[in-house]
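**Student:** Chains as they are written, first to last, in the numbering used here: chain A, 1 to 112; chain B, 1 to 113.
Read the hints as simulated data drawn from the structure, not as lab findings. Note that CB positions come from ideal geometry on N, CA and C, so glycine has one too. Keep in mind that the hints are not guaranteed to be accurate.
Here are some, though not all, of the chain B residues that point toward chain A, as calculated from beta-carbon distances under 8 Å [what the hints assert, rightly or not]: (1) 55; (2) 56; (3) 59.
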Amino acid sequence: GENVEQHPSTLSVQEGDSAVIKCTYSDSASNYFPWYKQELGKRPQLIIDIRSNVGEKKDQRIAVTLNKTAKHFSLHITETQPEDSAVYFCAASPSNDYKLSFGAGTTVTVRA
Amino acid sequence: DTAVSQTPKYLVTQMGNDKSIKCEQNLGHDTMYWYKQDSKKFLKIMFSYNNKELIINETVPNRFSPKSPDKAHLNLHINSLELGDSAVYFCASSDSGGAHEQYFGPGTRLTVT
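Bound conformation, chain A alone (with noise of 0.2 Å):
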């Protein structure tokens, strides 16, 4: 099955810098890969996400970066805010397979 290897596992950033995370896969079949930002104490939402067809994806200030030759992919944010403190999930999936493989999460905090 997929194993996905997400890191660091924690990052502190300063309030408007940029913040870069991880994630590496092993399913080659794998070509879904979104992102869940989960808020202390909220649900996992989906904040982004990417198939293997396009190799680079931009919403405003967040961006993730696909390379399938070396099965891994990244997220960028950059003009970190106070209000993107949280813990953030890579995730991948065959598009014939139901299961969502999740990464171990990032718990990103941006000092003002």
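For chain A, the structure is supplied; the task is to place chain B on it using the hints.
**Tutor:** What follows is chain B alone, placed relative to chain A:
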């Protein structure tokens, strides 16, 4: 409008008891999931149903039994609760297949004493 709802939000019970958590979605999705999130925040898939049919059954003790009476509902019954069952349980739903956004419920925090 609530998309995915769960009841109860909090559940405190003693070891050995049996309890149920209910989940409902009004998004018209045909796939629903149960996840367990432990104290280290790891999200672990437990079960998934597609059109009321069990399609994912991870290595979960058989004290846990899911039931899907229809596409909009997925319940989780837990027998003989143990201390290690303490966690937050999330229900989620999506369109068919893994390559779709999963919408999570608010979670049920289960504490076993």
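**Student:** It remains to establish, for every hint, whether it holds in the given structure.
**Tutor:** Going down the list of hints, with the structure as the test:
1. 55: For residue 55(B), the interface hint holds, since the closest Cβ of chain A sits about 5 Å away, which is under 8 Å.
2. 56: Status holds, d = 6 Å.
3. 59: Violated, because the Cβ-Cβ distance from residue 59(B) to chain A comes to roughly 11 Å (cut-off 8 Å).
When the structure is compared with the earlier hints, a violation turns up for hint 3 alone.
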